[in-house]
Amino acid sequence: MKRLRTVVAILKIRNGKTEMVNPGLCCLAEIEQGGFVADDVKKMIIDYVKKEYLDEDSDQEVNENTKLISSGIVDSFSMVSLKTFLEKKFQVKISDEKATPEAFDSVNNIINLLRGFGKGA
Amino acid sequence: MAYSSKAKDFYSGEMGSIKEKGLFKEERFIESPQGANIKVEFPSGAPTKDVINFCANNYLGLSSHPDVVKAAHEGLDARGYGLSSVRFICGTQDIHRELEKRLTDFLGTEDTILFPSCMDANAGLFDVSLDKEDAMISDRLVHASIVDGMKLCKAQLFNYKHLNMAHLEEKLQETQTCRLRMIITDGVFSMDGDIAPLDKICDLGEKYDALVMIDDSHATGFMGKHGRGTHEHCGVMGRIDVITTTLGKAMGGASGGCISGRKEIVELCRQRARPYLFSNTVAPVIVSASIKVVDLIAKTTERRDKLEANTKYFREKMTKAGLDIRPGEHAIVPVMLYNAKLAQDVSRDLYEEGIYVVGFFFPVVPQGQARIRVQVSAAHEKEHLDKAIAAFTKVGQKYNILGKKKDEIIALYGL
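Sequence order for the protein chains is R and Y. The first sequence begins at 294 in our numbering and counts up one residue at a time. The second sequence begins at 231 in our numbering and counts up one residue at a time.
Just so you know, the hints here were simulated from the structure itself, not pulled from any lab data. Glycine included, every Cβ here is placed at the ideal spot set by N, Cα and C. Just to be clear, a hint being listed does not mean it is correct.
[What the hints assert, rightly or not] Straight-line C-alpha distance at most 30 Å; calculated DSBU-like pairs for lysine-lysine:
{"#": "1", "chain 1": "Y", "residue 1": "Lys612", "chain 2": "R", "residue 2": "Lys343"}
{"#": "2", "chain 1": "Y", "residue 1": "Lys612", "chain 2": "R", "residue 2": "Lys344"}
{"#": "3", "chain 1": "R", "residue 1": "Lys360", "chain 2": "Y", "residue 2": "Lys612"}
{"#": "4", "chain 1": "R", "residue 1": "Lys391", "chain 2": "Y", "residue 2": "Lys384"}
{"#": "5", "chain 1": "Y", "residue 1": "Lys635", "chain 2": "R", "residue 2": "Lys344"}
{"#": "6", "chain 1": "R", "residue 1": "Lys344", "chain 2": "Y", "residue 2": "Lys437"}
{"#": "7", "chain 1": "R", "residue 1": "Lys344", "chain 2": "Y", "residue 2": "Lys381"}
{"#": "8", "chain 1": "Y", "residue 1": "Lys493", "chain 2": "Y", "residue 2": "Lys547"}
[As the list claims (entries may be wrong)] Distance windows between CB atoms, simulated:
{"#": "9", "chain 1": "Y", "residue 1": "Lys493", "chain 2": "R", "residue 2": "Thr377", "range": "31 to 37 Å"}
{"#": "10", "chain 1": "R", "residue 1": "Glu354", "chain 2": "Y", "residue 2": "Leu410", "range": "38 to 44 Å"}
{"#": "11", "chain 1": "Y", "residue 1": "Lys430", "chain 2": "R", "residue 2": "Lys391", "range": "34 to 40 Å"}
{"#": "12", "chain 1": "R", "residue 1": "Gln384", "chain 2": "Y", "residue 2": "Asp239", "range": "39 to 45 Å"}
{"#": "13", "chain 1": "R", "residue 1": "Asn405", "chain 2": "Y", "residue 2": "Glu497", "range": "26 to 32 Å"}
{"#": "14", "chain 1": "R", "residue 1": "Thr393", "chain 2": "Y", "residue 2": "Lys430", "range": "51 to 57 Å"}
{"#": "15", "chain 1": "Y", "residue 1": "Arg469", "chain 2": "R", "residue 2": "Glu357", "range": "41 to 47 Å"}
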């Protein structure tokens with residue numbers, strides 16, 4: 294089910310036909326209009342953070358506002374995995390200037406970062 | 231000269247910010263040779279205080295060993311003070327070649343190349359041995375010098391959860407299309423004393439055709455039955471492709487480091503490693519003393535055996551006294567306090583009791599894992615250990631942390 298929901302985030306309906314698009318924020322901008330899909334994108338990132346950075350037995354809560362870098366959940370060295378994950382998932386290239394600890398400090402910040410790509414920034 | 235007020239204000243501001251965040255590191259002046267008993271001026275200008283040192287990397291107690299000091303004098307007399315050259319111009323003496331050969335034999339590898347430090351060895355290794363088609367797969371808690379070395383390399387970077395073999399395997403599966411892959415880990419992790427499971431790491435390296443590299447700075451000279459390092463301790467001699475290590479800890483403690491391992495990689499480093507090519511040769515005095523260190527530890531395991539016994543005794547007694555010790559067997563003994571201020575207060579009180587230890591907290595260790603890192607040495611006698619245990623017990627009572635586990639300490643002091 295989780296897999297299926299993720300796929301929804303990278304599809305859109307065009308002329309009645311479903312097709313794959315760049316799931317970066319060119320897509321996320323459209324996704325936001327639908328509302329529900331953006332939640333899926335958030336969930337996808339939260340799931341990744343939990344799986345990639347927390348121990349299996351961790352009871353740490355992670356939501357869209359949870360501080361990731363400044364809280365130490367993701368240290369600056371390990372941030373590279375998150376950057377690679379986002380680049381692959383959303384088919385974008387996040388430059389070193391943009392990949393700052395602040396930009397990665399919460400799922401909401403990450404969504405804002407990705408939104409920039411949707412605007413062709 | 232354009233040191234404008236703009237520049238001055240900028241640097242002052244940075245310093246202010248370091249102090250504001252509580253990250254300012256103050257140096258303590260030691261007015262004696264390194265050893266179990268040292269004389270310290272702290273804070274600056276205060277009268278000298280005699281303390282027992284529990285925070286040096288002087289694991290084998292060789293930093294001021296008379297034979298090592300004598301060998302340093304002999305090296306100075308026989309080969310001079312400096313060489314005023316990098317290795318490949320006119321900075322290689324017979325003793326450099328001899329030390330490289332001796333380290334190769336001791337570590338059980340194929341070849342060795344000296345560097346001014348292990349930091350330099352780590353800065354040079356990855357850039358030489360891997361390129362953009364390749365992958366570096368590193369434990370997340372590797373030493374800062376490895377992190378910096380990897381930043382200088384074009385290979386793709388992946389990292390796995392600390393000591394987590396399942397996660398390492400996932401990363402190996404993810405990177406199957408890369409040309410070369412290198413698993414990168416500390417042999418022993420400096421903040422925890424954790425030992426990398428090198429047997430499992432080598433198995434995975436073989437299963438997925440990945441090289442294995444370790445930084446054995448906190449192990450060379452004393453881990454393993456003959457002190458060869460973590461690879462001996464874990465029973466994987468001959469299966470590690472690259473070892474970087476230091477002469478600046480157990481091995482006499484002055485400075486210098488090396489890369490030791492597969493001969494093709496070492497040869498390539500000799501041609502291309504930038505910190506090797508562009509920094510001065512290791513000084514003759516250090517080379518001579520290091521040869522003596524290898525002599526001493528190859529001849530007898532007495533010192534590493536004493537360190538092992540000291541560590542076992544200290545860990546047992548501290549646990550019995552009710553301190554929260556991170557379990558393990560290494561001479562790095564982390565006394566867990568969780569709260570940063572508590573770690574600072576306890577280390578300050580211990581100093582008053584004549585025990586020199588340092589508190590570590592975020593960002594040096596993960597948030598909420600503040601601790602005092604005690605380092606046991608073969609230079610310590612039972613009396614030194616007993617004094618430290620008594621001091622920890624006294625200070626532990628004052629802060630009401632004896633017999634308390636993580637949750638209880640956090641309940642008292644917060645994170």
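Results of checking the hints against the structure:
Between lysine 612 of chain Y and lysine 343 of chain R the CA atoms are separated by roughly 46 Å; this puts the pair beyond 30 Å, and the hint is violated. About 46 Å separates the Cα atoms of lysine 612 of chain Y and lysine 344 of chain R, which puts this hinted pair outside 30 Å; it is violated. This hinted pair does not check out: lysine 360 of chain R and lysine 612 of chain Y have alpha carbons roughly 46 Å apart, beyond 30 Å. Note on lysine 391 of chain R and lysine 384 of chain Y: the hinted pairing holds, with a Cα-Cα distance of about 19 Å set against a maximum of 30 Å.
At most 30 Å may separate the alpha-carbon atoms for a hinted pair to count; lysine 635 of chain Y and lysine 344 of chain R meet this at roughly 27 Å. Between lysine 344 of chain R and lysine 437 of chain Y, the direct Cα distance comes to roughly 24 Å. Compliance with the 30 Å bound is thereby established for this hinted pair. Only pairs whose Cα atoms come within 30 Å are accepted, and lysine 344 of chain R paired with lysine 381 of chain Y is accepted, the gap being roughly 25 Å. Pair hint lysine 493 of chain Y plus lysine 547 of chain Y does not hold up; C-alpha atoms about 45 Å apart against a cutoff of 30 Å.
Separated by about 33 Å at the C-beta atoms, lysine 493 of chain Y and threonine 377 of chain R satisfy the suggested range of 31 to 37 Å. A hinted range of 38 to 44 Å holds for the C-beta pair glutamate 354 of chain R and leucine 410 of chain Y, which are about 40 Å apart. Taking the beta carbon of each, lysine 430 of chain Y and lysine 391 of chain R are about 37 Å apart, inside 34 to 40 Å as hinted. The hint said 39 to 45 Å for the Cβ distance between glutamine 384 of chain R and aspartate 239 of chain Y, and at roughly 43 Å that hint holds.
Hint check: asparagine 405 of chain R to glutamate 497 of chain Y, Cβ distance near 49 Å, so the stated range 26 to 32 Å is violated. Taking the beta carbon of each, threonine 393 of chain R and lysine 430 of chain Y are about 36 Å apart, not inside 51 to 57 Å as hinted. About 45 Å separates the C-beta atoms of arginine 469 of chain Y and glutamate 357 of chain R, a value consistent with the hinted range of 41 to 47 Å.
Hint violations for this structure: numbers 1, 2, 3, 8, 13, 14, all remaining hints satisfied.
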